[in-house]
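Enquirer: One letter stands for each residue in the lines below.
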Amino acid sequence: MIELENVTKSFGRQRAVDRVTSRFEPGRTHVLLGSSGCGKSTILRLILGLLRPDSGEIRVDGVLMGPATRSKLLGKMGYVVQEGGLYPHLTACQNVTLGAEAQRWPPEQTRERVQVLAEMVGFHDGILGRFPNELSGGQRQRVGLMRALMLDPPLLLLDEPLAALDPLVRSDLQKQLKEIFIALSKTVLLVTHDIREAVILGETITLMTAGRVVQQGTFSDLAHRPSTAFVTEFLNAQKPPPEIQEQL
Amino acid sequence: MAPNACRPSSSKRGRAGSVRTHLTLTLLLLAGCVIRAGWAAPESVVRVGSKSFTESYILGEIIARIIEQSGETKVNRRLGLGGTGITYRAIANGDIDIYPEYTGTITRAILQDPSVQTVEEIRRSLKANGLTIGDPLGFNNTYALAVRREMATRLELNAISDLGRHPGLTGAFSAGFLERDDGWPGLSRHYGLKLAEVRLIEHALVYEALAQGKVDVIDVFSTDGKIDRLDLQILRDDRGFFPSYEAVLLVREDFIARFPATWQALQRTLAGRIDHREMAHLNALADLEGKGLAEVGAAFLGQSTSSPDLQTEWQGTPLLEEILVLSVDHLYLVILALAAAAGLGIPMGIAAARFERLAQLELMSIGVLQTIPSLALLCFMIPLFGIGKLPALVALFLYALLPIVRNTYTGMISLDRRLREIAIVLGLNAWQRLLRIELPLASMHIMAGVKTSAVFTVGTATLAAFIGGGGYGTLIVRGLALDDLSTILAGAVPAALMAMVMHGLFEVTDRFVIPRGLRKDLGRSI
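So the sequences go chain by chain: A and B. What the first sequence shows, in numbering that gives the first Met the number 0, is residues 0 to 247, in sequence order. What the second sequence shows, in numbering that gives the first Met the number 0, is residues 0 to 525, in sequence order.
For reference, chain A alone in the conformation it holds in the complex:
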């Protein structure tokens, strides 16, 4: 469970997150939706304790995020970013096992866990020995996911994980992610600007603009009971225009 209570964060004069209050229930997949610059990535970094809010409180499983609690709370969270955010100087496998290395896992345990995760994302032998620049975009993203899941954290935070991929790979990965999220039953918080992705993956959708939450609910809530005109406008923006839809 992740709770934000009246959280505000500014960068200079720019107010990135503006008095956001929100709850993300455990065991479900939540999507933070919005155009770029609306503050959704900042919310992830606030939850991870990488930024300190100017005001307001963030609680993870009831514990207030702060300098004293950060490292303990981070143990519960996995983090995936666009393009995987892999370390170019480490092989895929070394990237995946960094967290286990920091925790001084015995090699046997590490190897078993890597195997489980590789099977889950559908990697055959050999791929993990490669360096990030020897992998395709989709493979890099899967490695990033494996790394975030290595220590089996109950919370998974993903920041535009599929944004840099071409449409076919993207669609593939969306399906795969959905299966994984369902199978693992983790609390997932995924940031995207893509409505289709939000619809496919999100059990709840939190729509943001200009640092504020506009509406939080299921897609059906947003589509049929929009809280403001902006919600409808945003949802329609990515649909093909009606005349083309007819041709299709």
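It is worth saying that the hints were derived from the structure and are not from the lab.
Partial chain A-side listing against chain B, Cβ under 10 angstroms, derived:
(1) L89
(2) C92
(3) V95
(4) G98
(5) Q102
(6) T109
(7) V113
(8) F130
(9) P131
(10) N132
(11) G143
(12) R146
(13) D158
Label-pair distances were calculated between CB atoms; the ranges are:
(14) A:F229 / B:G342: 56 to 64 angstroms
(15) B:L357 / A:M0: 36 to 44 angstroms
(16) B:R417 / A:A236: 26 to 34 angstroms
(17) A:G61 / B:F511: 46 to 54 angstroms
None of the values given here were measured: they were computed from a predicted structure. Backbone N, C-alpha and C define an ideal beta-carbon position, used for all residues, glycine too.
Starting from the structure of chain A, add chain B where the hints point.
Expert: Same frame as chain A, but now just chain B:
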């Protein structure tokens, strides 16, 4: 190290690791050898020094040859050390055992006591420092006035006082002579002289001006090789104005005690045996006829100059051998200075990247160091560290710092923010993040800084010779003093080669230091 979980059993990486170990060991061994070579000075060797001008080089070479001939001990030539301050400090510290000096210099510059006059008085004053001087060699290298011989004969000019009879003559003097009280101002007062016109002229052009009849009287050094060549007449200092700069051997007393027979031979062969014409002749051989030091030295001692090996011989040591010795010297300076600069510079760069205020202070002060001209910095080192390798090392170290610190700093602050944050989320502690993530990611920047410093240091290290630090600069300084291009090149070309080899070595080192994944990125982006 990566956990074993990531290591395939048929390990390519394992081999890479062992290559790395070998390389490290080899480098350590190499450094060890270099350090030994640099410090070790066998006891039974006499070190002969000289200053860095032709006459001093020639006398140093002659001294060295006489010692070699006597057969009592081997000789290590440390010629061309620089000026009086450096050379005297070298002999006082025991870095050299003997070098040619002038009585006037000893009393004025070294003892700084003009009341000390005679050879006996000088010996008494030097005794406190464990030094003494031999009997004067027979010539007095001092300021003198010279005129064209043709004019001297025509106007019956023999002594300086004779100028008083010809007030219509014109003079051209170098800046030093024109301004110093022991130069023209004092001289004209002492003799009550007046010339029709006195002009300031660059010393190198004085002779030309006189030879072409543009002026009538010039200042010279009494043993200058050009005096004979241009058929000039030196005017006798008949009223004893110029201080005496008698050439003598300045020597450590323990050298005389250890090698009495050699000292006897030096005294016998040199004391009273070189007059100013002889010295001017020897200077002319080197300066005007382009003879090597070995040849000039051999000529004076009546040794065979036609021996075939003289072509390849350089002041007693074959040139190739000397270059090898100097290479070890040079490499020693470069490697040690660079290792120290990397050892301190990389942590400084990291610290600067962590603390923005420290960064400004740090980069600014190291930048200021860089603006000090290298020679000036070397001079600043002398009061602190004496002469020889140590001050040279410190100066080179200071110069090598900036590129390393700056590049490390740049590398560290330009790391991708997301990559740094992910390491935090993954639970790596500060040390793990630094060693496992940040330094490897910054390694290309850091290595680029080290490379820049390495190539710079190879070049700057040639200046070490000015303070007796050895290295290729020894040949360059000597070549400059003797106006001998081939000697300059004998130092400059190997230095350039070393810079190239250094560059190549670092390209290879990159393969071990910069992680493979990053190198491929580089390959792609180019």
